[in-house]
Every structure is written in structure tokens, then in C-alpha cells.
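Protein chains: 2
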Amino acid sequence: MNLHSRNAPSQTTAVTAELCQWIVGLKGSDIPAEVRREGLRTFVNWVGCAVGGARHETVDRALAAVLPFSGPASSTVLGRGERLDALHAALINGISSHVLDYDDTHLKTIIHPAGPVASALVALSEHRTIRGYDLLTALIIGVEVECRIGNAVYPAHYDRGWHITGTTGVFGAAVAVGKILGLDERQMAWAIGLAATQSAGLREMFGTMTKSFHPGRAAQNGMFAALLAEAGYDSSLRALEAPRGFANVMSDKQDYAEILDDLGTRWEAALNSYKPFACGIVIHPTIDGCLQIGEEIGDRVHEIEKVELTTHPLVLELTGKRGPKTGLEGKFSVYHSAASALLRGDGAPTAFTDEVVNLPEIVALRDRVVAVADANCHEASVDIKVTFSDGSTLKKHVERAIGSRERPLSDEELDRKFRVQSALVIGEARTEALLQTSWRLESLAESCEVARASAVR
Amino acid sequence: MNLHSRNAPSQTTAVTAELCQWIVGLKGSDIPAEVRREGLRTFVNWVGCAVGGARHETVDRALAAVLPFSGPASSTVLGRGERLDALHAALINGISSHVLDYDDTHLKTIIHPAGPVASALVALSEHRTIRGYDLLTALIIGVEVECRIGNAVYPAHYDRGWHITGTTGVFGAAVAVGKILGLDERQMAWAIGLAATQSAGLREMFGTMTKSFHPGRAAQNGMFAALLAEAGYDSSLRALEAPRGFANVMSDKQDYAEILDDLGTRWEAALNSYKPFACGIVIHPTIDGCLQIGEEIGDRVHEIEKVELTTHPLVLELTGKRGPKTGLEGKFSVYHSAASALLRGDGAPTAFTDEVVNLPEIVALRDRVVAVADANCHEASVDIKVTFSDGSTLKKHVERAIGSRERPLSDEELDRKFRVQSALVIGEARTEALLQTSWRLESLAESCEVARASAVR
Chain W
1 MNLHSRNAPS
11 QTTAVTAELC
21 QWIVGLKGSD
31 IPAEVRREGL
41 RTFVNWVGCA
51 VGGARHETVD
61 RALAAVLPFS
71 GPASSTVLGR
81 GERLDALHAA
91 LINGISSHVL
101 DYDDTHLKTI
111 IHPAGPVASA
121 LVALSEHRTI
131 RGYDLLTALI
141 IGVEVECRIG
151 NAVYPAHYDR
161 GWHITGTTGV
171 FGAAVAVGKI
181 LGLDERQMAW
191 AIGLAATQSA
201 GLREMFGTMT
211 KSFHPGRAAQ
221 NGMFAALLAE
231 AGYDSSLRAL
241 EAPRGFANVM
251 SDKQDYAEIL
261 DDLGTRWEAA
271 LNSYKPFACG
281 IVIHPTIDGC
291 LQIGEEIGDR
301 VHEIEKVELT
311 THPLVLELTG
321 KRGPKTGLEG
331 KFSVYHSAAS
341 ALLRGDGAPT
351 AFTDEVVNLP
361 EIVALRDRVV
371 AVADANCHEA
381 SVDIKVTFSD
391 GSTLKKHVER
401 AIGSRERPLS
411 DEELDRKFRV
421 QSALVIGEAR
431 TEALLQTSWR
441 LESLAESCEV
451 ARASAVR
Chain X
1 MNLHSRNAPS
11 QTTAVTAELC
21 QWIVGLKGSD
31 IPAEVRREGL
41 RTFVNWVGCA
51 VGGARHETVD
61 RALAAVLPFS
71 GPASSTVLGR
81 GERLDALHAA
91 LINGISSHVL
101 DYDDTHLKTI
111 IHPAGPVASA
121 LVALSEHRTI
131 RGYDLLTALI
141 IGVEVECRIG
151 NAVYPAHYDR
161 GWHITGTTGV
171 FGAAVAVGKI
181 LGLDERQMAW
191 AIGLAATQSA
201 GLREMFGTMT
211 KSFHPGRAAQ
221 NGMFAALLAE
231 AGYDSSLRAL
241 EAPRGFANVM
251 SDKQDYAEIL
261 DDLGTRWEAA
271 LNSYKPFACG
281 IVIHPTIDGC
291 LQIGEEIGDR
301 VHEIEKVELT
311 THPLVLELTG
321 KRGPKTGLEG
331 KFSVYHSAAS
341 ALLRGDGAPT
351 AFTDEVVNLP
361 EIVALRDRVV
371 AVADANCHEA
381 SVDIKVTFSD
391 GSTLKKHVER
401 AIGSRERPLS
411 DEELDRKFRV
421 QSALVIGEAR
431 TEALLQTSWR
441 LESLAESCEV
451 ARASAVR
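These protein sequence lines map, in sequence, to chains W and X. Using UniProt numbering, you'd call the opening residue of the first sequence number 1 and step up by one each time. Using UniProt numbering, you'd call the opening residue of the second sequence number 1 and step up by one each time.
By construction, these hints were calculated from the structure, which means they are not laboratory data. Heads up, a few of these hints could be off.
[Stated by the list, open to error] Now the stretches of chain W that chain X is said to cover, found in silico as 3 or more residues with beta-carbon under 8 angstroms:
1) 107-115
2) 180-188
3) 331-338
[Claimed, not checked] Below 20 angstroms or equal to it, Euclidean Cα-Cα: the simulated SDA-like pairs (lysine to any residue) are:
4) K321/W to A371/W
5) K253/X to K396/W
6) K253/W to N248/X
7) K321/W to T353/W
8) K321/X to K321/W
9) K325/W to A156/X
10) K253/W to V249/X
11) K253/W to D159/X
12) K321/W to R238/X
13) K321/X to P243/W
14) K321/W to E308/X
15) K325/X to L237/W
16) K395/X to E308/X
17) K385/W to R400/W
18) K253/W to A156/X
19) K253/W to R244/X
20) K325/X to G232/W
21) K253/X to N248/W
22) K253/X to K321/W
23) K325/X to R186/W
24) K396/W to D255/W
25) K253/X to A156/W
26) K253/X to P155/X
27) K253/W to R160/X
28) K396/X to V372/X
29) K253/W to G161/X
30) K253/W to K321/X
31) K321/W to P155/X
32) K325/W to R238/X
Beta carbons are placed, not taken as given, at the ideal position from N, Cα and C, and that holds for glycine.
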């Protein structure tokens with residue numbers, strides 16, 4: 001993990017260059033089969049989420065702002081009828097894939113990796129012909145780079161207030177698109193430079209529509225960085241490690257070994273996970289446990305006097321909203337999430353609507369939920385204690401939530417998640433065809449088939 | 001200057017709200033005549049710079065990347081024939097207005113205020129009808145907000161490595177466009193939130209094409225922030241002051257009184273200055289002094305043995321390049337700048353071409369220039385000591401460079417600067433018409449006349 005253990009000290013000044021050398025040299029066949037398989041799962045999960053979020057009013061509003069300025073309508077807004085130029089399509093698909101907080105998670109960094117990268121690639125697939133095999137290769141490289149850069153600065157970078165999916169996602173999109181464009185090493189470094197100088201996104205925006213803007217804009221900005229580099233627009237050649245480069249300006253921690261060590265053998269892209277519940281990953285253990293309790297107790301749910309949660313402090317910091325009023329705010333309330341799981345057995349997007357958040361029975365139960373932060377509690381664990389009106393209690397410990405690396409969603413569970421959210425937007429028949437096309441990505445001569453299969457005409 | 005002296009402590013949580021109240025309520029007639037006059041000078045100077053930079057290869061390359069994705073071709077690329085959608089036109093005009101490092105400067109913060117703001121407004125003026133009077137009002141408000149936000153975080157923010165023209169420019173563009181769109185207070189706060197979450201730009205990019213990208217992208221992103229807010233895309237209502245908002249995440253200094261105090265009576269927009277020389281403002285005292293020495297010594301310039309500069313440390317930090325190879329690098333070399341001013345009497349864009357930077361006589365003189373940093377030396381001052389081959393010496397102290405607030409360019413000098421750079425790009429006849437149209441801005445029923453007058457068809 002120490003860069004100096006494998007390189008001369010002077011090499012700390014060549015982080016960007018060494019990374020670019022690897023990116024440009026890598027062939028799809030260099031990626032192990034199991035990593036490609038996880039990349040495909042990442043892709044399928046992303047398609048389902050992008051379609052699932054396509055009719056959210058956040059997407060409607062962004063689309064209304066974008067349409068008067070869109071260029072040649074090459075690229076599909078997934079799950080809808082509109083087409084946009086590839087840059088704007090990347091933005092909108094990135095927003096829709098994140099808007100339900102139902103996407104994927106690199107658990108080491110809480111990055112949601114596919115949004116910025118896949119949104120760019122799929123939009124580009126209708127602008128230039130991209131073989132499905134190559135699209136998957138580029139997706140994996142983009143996710144790999146994004147997560148490695150995230151590792152290098154997490155947690156200091158996130159703690160400062162940066163929404164890491166936006167700030168690192170722009171690198172993933174730039175590198176992935178740059179790979180498709182066939183950039184050389186110098187151009188790839190420029191693309192990373194242009195990505196670094198657009199790296200942005202504040203955690204203050206959580207709970208508003210602007211949170212979903214981050215992966216979308218990262219996709220668009222990263223794609224644009226690669227296109228500019230292709231056109232010869234130059235930039236720094238050491239944007240990651242320079243004294244006034246990304247890592248030093250935007251983080252108190254810079255562990256460059258996380259970026260360079262074991263490239264091609266350690267695969268962060270293989271560590272991706274997929275959310276079973278439509279909200280921030282930190283609430284998942286609570287929902288998982290409450291769902292189990294709900295099934296166990298049946299009608300006794302109405303006799304609950306008190307629910308005590310013991311969680312990692314981050315849970316309260318990120319999702320401590322006591323009285324959410326909207327579905328979106330509900331995603332940032334561990335209290336609402338617990339109540340919905342207990343009372344309705346629901347952690348899907350349907351648990352986070354304005355209507356459900358304001359149901360009297362949900363509000364009543366929510367107000368009986370208490371959460372205590374315990375730094376000794378793992379982020380992926382929770383202890384739940386339910387006290388009933390007769391004084392009896394029930395305890396549940398969740399060591400690792402479903403959807404975590406230890407309890408990953410199976411392909412069948414991914415299919416189920418895909419079908420449930422997609423069918424609501426494009427119907428069952430289109431959903432089935434889209435799901436099959438998505439799984440066949442690697443064999444598609446033209447990867448634009450996926451976007452086209454999602455379109456409602 | 002202390003916020004608490006005029007507001008209850010709790011008001012520190014309403015910085016964004018209070019600022020928005022002022023922005024939305026302000027009428028053009030509330031702006032004092034002398035401030036409007038300085039705003040007009042800011043506008044005229046910006047038009048000249050945008051046209052002057054229009055044929056730079058930086059602009060060519062950005063345009064090549066943008067054209068395949070541009071939407072409805074409403075808006076002129078100043079000084080050229082191409083038209084783009086308003087968002088992309090804002091980007092390109094922002095790049096061209098900055099690419100010669102010849103634009104304007106708010107000296108307290110080293111922000112170049114017009115690039116992000118005017119580029120957005122003028123691009124929008126061909127998309128929606130904007131009266132010239134209203135465009136000037138919006139420009140002044142945008143510059144005011146951008147510079148006040150800059151004051152609140154400078155110098156800590158800049159010292160950390162942020163290119164402040166990009167990071168604060170996006171607020172100026174958002175607010176200016178928001179004013180034109182007639183946003184209400186809540187929408188204006190959303191626009192500021194969407195601007196905050198796009199605030200970006202690293203100083204590492206200085207010396208590359210990506211530096212000019214910053215004001216251009218700030219213009220485009222700020223305009224987009226306002227358009228999204230208009231479409232109901234919501235965001236934080238306290239993006240400036242929240243614990244994970246702009247000022248706390250991106251700076252160690254947060255002086256909110258700089259944003260709120262004396263709104264409407266103290267005008268930062270009236271403090272704008274205009275560069276007489278086509279490079280970073282910190283070299284201007286040196287060029288000013290060397291030009292004067294050059295005139296005084298005539299042919300004895302060939303007998304110079306040594307030139308000693310005593311400058312503020314920032315001069316060497318920003319412009320300490322010893323051996324520049326390109327025109328662009330020459331702008332970051334106080335040595336080259338001194339040599340060019342002494343030998344050729346030139347500080348205009350013609351002093352910073354690849355050819356001039358590599359002239360043997362320039363290189364020979366450049367290598368005889370020595371610079372010493374002295375923290376006691378004011379940023380706008382320099383001491384120059386020239387030693388001749390016969391041992392004689394000549395000393396020159398520049399207290400404040402031409403172009404500074406103490407020695408502002410006159411309207412006639414602004415005209416001369418405009419004419420010299422614009423005529424090279426669009427010819428003398430068009431330049432003359434464009435200059436007159438620009439000065440008449442406030443009386444134009446349709447401000448798009450300015451952009452149209454700059455077009456080469």
C-alpha cells in the first residue's frame with residue numbers, strides 16, 4: 001500500500017501518467033472473466049435503475065430545461081420517448097439512474113459507480129457505433145478508475161463535504177469515453193485533467209433534486225472532457241497528484257498507492273454491490289432487519305411501543321431526518337425507513353412516495369423509533385430492539401445487510417429488482433425484452449440496441 | 001464588516017436567502033450612475049477581448065469538440081461565423097474572452113469578473129430578447145455577487161488551489177441569468193445552489209488551454225443553473241453558508257459579512273479594472289516599468305547586463321517560468337514579459353506568441369533577468385534595477401501599474417485596446433461598428449445587436 005515500496009520516490013509525481021499508461025494499454029481480454037461478469041451485473045442493474053427513475057418529476061424538470069438547447073437527437077432518454085444529443089442524454093440518464101437511490105454502491109467509498117460511467121457510454125453508443133464487448137470493457141475501466149481515485153481520498157474527501165459519486169464519477173466517465181475514443185496516453189491525461197477541473201458536487205444538496213444532478217453531470221462532464229482531449233484541447237498531465245491538483249485541493253488524504261497498486265490484479269470494479277432498497281446504503285441494515293421482524297411478528301406490529309436502533313454514527317448523520325414530509329426526505333430518514341419496513345414490508349421505491357411518508361399509521365410508528373449512534377457498530381450492521389405494549393421485547397442483530405458483498409443479490413434477485421421498477425415505466429413486455437438485451441450486452445454488435453429497447457415511442 | 005454587528009447571530013444561517021432577497025428586489029435604476037458607467041466599461045472591454053481571442057487555437061479546438069453536439073444555432077460565437085445553442089455559445093465566448101489573459105480584474109480577489117457573466121448574458125441575448133439596459137443591470141448584479149462571494153473566501157480559497165474566476169464565476173452567471181429570467185427568491189436560491197454544486201476549476205491548469213475553460217464553463221454552468229431553477233429543479237436554499245455548502249467545503253475562510261454588508265451602497269462591481277497587458281495581472285507592474293525604461297534608454301537596451309526585479313512573492317509563484325517555450329507559457333514568465341517590454345515595447349497579445357517567445361534576442365535578454373521575492377513589496381508594485389555593460393545602473397520604482405484602480409485605463413485607452421485586438425480578427429470597419437454598438441448597450445432595444453455586429457459571415 002505504500003507507493004514507495006514499489007517505485008522510486010520521484011514516481012509519486014507520475015500518478016496520472018502511470019494510470020494513463022495502464023488505461024490505454026488494457027485490452028478487454030485482460031480483464032478476468034469474473035470481473036467482466038460483475039461488470040455485466042453492474043450494467044444490467046444500471047439499465048433497470050435508469051428506466052425505473054425515468055418518469056420521476058426530477059427527470060421531467062431537468063428535461064424541460066434541457067430540451068430547448070439539445071443538439072442532434074441521437075440518443076435515447078432511457079425509458080422515455082425523447083431523444084437528445086449524447087451529452088445531454090448522459091446528463092438525464094445519469095439523473096434518472098440515481099433519482100430513486102436504488103443504484104449500485106462501491107461500499108469502501110459509498111461511490112455509486114455506474115451512474116456517471118454507464119450514462120456516458122450508453123448515450124455515446126447512439127452517437128458512435130460501439131460494440132457491446134467494448135462498451136463493457138470501457139465501463140469496467142471507468143468504474144475501476146473512479147473507485148481507485150475514491151479510495152485514494154476517502155474518507156477525508158467525503159468528510160469535507162464532497163459528494164464523492166460526483167467528484168470521482170467525472171473521472172470514470174472521462175476515462176471510459178476516452179477508451180472508446182481511442183485516446184493516446186497524453187490525450188488520456190488531458191481528459192483526466194479536464195475531468196479534475198470539473199470535479200464537483202456538494203453533500204449539502206442531499207435531500208434535494210440536485211443530488212441526482214451529480215452523477216448525471218459527472219457523466220456529461222466526463223464525456224465532454226474526453227471529447228475535448230480528442231480534439232486536442234490540452235490540460236495538465238498530472239492533474240491527480242500535482243500540488244494544486246485534485247487530491248491535494250479536494251482532500252486531506254492522498255494515498256496514491258490506492259490508485260496505482262496492483263493495477264490489473266486487484267479489481268475494485270469486482271466489488272460493486274446493488275441496492276435491494278431504494279435509499280441510502282447506510283439504512284439498508286435497518287430495513288433488512290425490520291423487514292425480517294415484520295414478517296416474524298405479523299399483526300403484532302400494531303402493538304409496538306418503541307423501536308430502538310443502535311447504528312454507526314454515519315447513519316444518523318446522513319439519514320437522521322425526524323419528520324420527513326416528502327418521499328425524497330423519507331430516503332433520508334432512518335425512522336421512516338424502519339416504520340415502512342415494519343408496517344408495509346416495503347423498502348422499494350414505493351416506500352418513498354410523498355403519500356406513504358405522510359400516512360398517519362406510518363408517522364405514528366416512525367415517531368416511536370429511536371436511534372442511538374455507536375462508533376463500535378459497523379456501518380453495515382445494526383442492532384434492533386422492539387418493545388411491545390405488553391412489555392415484551394424482540395431483538396434482531398443484522399451483521400451484514402442483504403445487498404452487501406457478504407450477502408450479494410443473486411442474478412435472479414437482480415432480475416426481480418429490474419422487472420419491478422422497469423415494468424411500472426415501460427410495461428412488462430418491453431421490460432422483458434430490455435432485460436434480455438441487457439444481459440446479452442457482450443454479444444451485441446451495436447450496443448445502442450440497449451438504449452433503443454428501452455424507448456417508449 | 002462583522003455580520004453580528006447588524007444581524008442576530010442566527011442570521012448567519014440565512015446568507016443565501018438575504019442575498020437572494022436583494023438580487024430579486026433590485027431594479028436597474030437602483031444602481032448608481034457611476035456604477036452603471038463602470039459596468040458599461042466592463043462590458044465594452046469584454047466584447048473586445050472575446051473578439052480578440054476568437055481565432056486562438058484554444059477556441060478552434062473547443063469549437064471542434066462542441067459543434068457535433070450543439071443545439072439550435074441561436075447564438076453567435078463572437079468574432080466568428082459559427083453559431084451555437086446559447087449554452088455552448090456561453091462556453092466558447094467565455095474561453096475566447098480569457099484566452100489572451102487580457103480581460104478584466106477585480107484586484108481584491110484576482111477574479112476576472114466579466115468572462116463568466118457577460119458570456120452567459122450575451123449568448124442568452126440571442127435566445128430570448130433582452131433589452132440592453134436590462135442586460136447591463138444583470139451584468140452588474142452578476143459581477144457584484146461573484147466578487148462579494150470571492151471576498152468572503154479570498155485568499156484562503158485561492159491559496160488552496162482554486163481558480164477563483166471559475167469557482168465564483170458560476171455564481172455570477174447564475175444570478176445574472178436568473179435576474180433576466182425573472183426568478184423569484186426561492187428559485188434564485190436554487191440557482192445559487194445549482195451553481196455551488198458546479199463550482200470548480202483548479203489552478204494546476206494554469207499554463208494550459210484548460211485555464212480558459214474555467215470562465216467559459218462557469219458561464220455555461222451558471223446559465224444552466226438558472227434555467228434548471230426556472231424549470232422547478234430544486235436545490236439547497238443555503239448553499240453558500242451551510243456546513244457542507246460552498247464556503248465551508250471550499251475555503252478555510254468564510255467572511256459572510258463580505259457578501260451581505262452594505263448591499264446596494266458598497267459596489268464591488270465599480271472596482272473592476274482592465275488589463276493593459278495580455279497576461280496575468282501580477283506581471284503588470286514589471287511590464288509597465290520595463291516599457292518606461294525601454295523608452296528612456298532606446299538603443300542602450302542592447303547593452304543590458306542584468307535586470308533585477310524585486311516583487312511580491314506571488315509574482316514568482318504564479319509567473320516564475322524560467323524557460324517558456326510557447327506563447328502561452330510566456331504569459332507565466334515574468335522574465336519573458338520583462339524582456340519583451342524592454343526590447344520590443346510590447347505587452348499586448350503580440351508579445352505572447354510562440355514566435356516571439358523563442359526569438360534569440362528575447363531569450364538572451366530574458367536569461368539576464370533575475371527576480372527576488374519580497375513579502376514587503378505590494379502586489380501592484382515593483383522595483384527594477386538595470387545594470388549596463390559599462391557598470392552603470394538605472395532604477396525604476398512602479399508604485400501602481402497602469403490599469404490599476406489608482407491608474408485606471410481611460411475610455412480612450414479602452415477604445416485603443418479594443419481596436420488593436422479586434423481589428424486583427426474582424427477587420428477595422430466591423431471593429432468600429434462593434435465598438436460603437438457596444439458603448440450604446442443601454443439604449444439598445446435588443447441587446448443581441450452586439451453579438452450580431454461581431455459576426456464574420
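Status of each hint after checking the structure:
no., hint, result
1, 107-115, "violated (count 0)"
2, 180-188, "violated (count 0)"
3, 331-338, "violated (count 0)"
4, K321/W to A371/W, "11 angstroms, holds"
5, K253/X to K396/W, "46 angstroms, violated"
6, K253/W to N248/X, "18 angstroms, holds"
7, K321/W to T353/W, "16 angstroms, holds"
8, K321/X to K321/W, "52 angstroms, violated"
9, K325/W to A156/X, "38 angstroms, violated"
10, K253/W to V249/X, "15 angstroms, holds"
11, K253/W to D159/X, "18 angstroms, holds"
12, K321/W to R238/X, "17 angstroms, holds"
13, K321/X to P243/W, "16 angstroms, holds"
14, K321/W to E308/X, "63 angstroms, violated"
15, K325/X to L237/W, "17 angstroms, holds"
16, K395/X to E308/X, "9 angstroms, holds"
17, K385/W to R400/W, "17 angstroms, holds"
18, K253/W to A156/X, "19 angstroms, holds"
19, K253/W to R244/X, "18 angstroms, holds"
20, K325/X to G232/W, "18 angstroms, holds"
21, K253/X to N248/W, "18 angstroms, holds"
22, K253/X to K321/W, "29 angstroms, violated"
23, K325/X to R186/W, "18 angstroms, holds"
24, K396/W to D255/W, "38 angstroms, violated"
25, K253/X to A156/W, "19 angstroms, holds"
26, K253/X to P155/X, "8 angstroms, holds"
27, K253/W to R160/X, "14 angstroms, holds"
28, K396/X to V372/X, "15 angstroms, holds"
29, K253/W to G161/X, "16 angstroms, holds"
30, K253/W to K321/X, "29 angstroms, violated"
31, K321/W to P155/X, "36 angstroms, violated"
32, K325/W to R238/X, "19 angstroms, holds"
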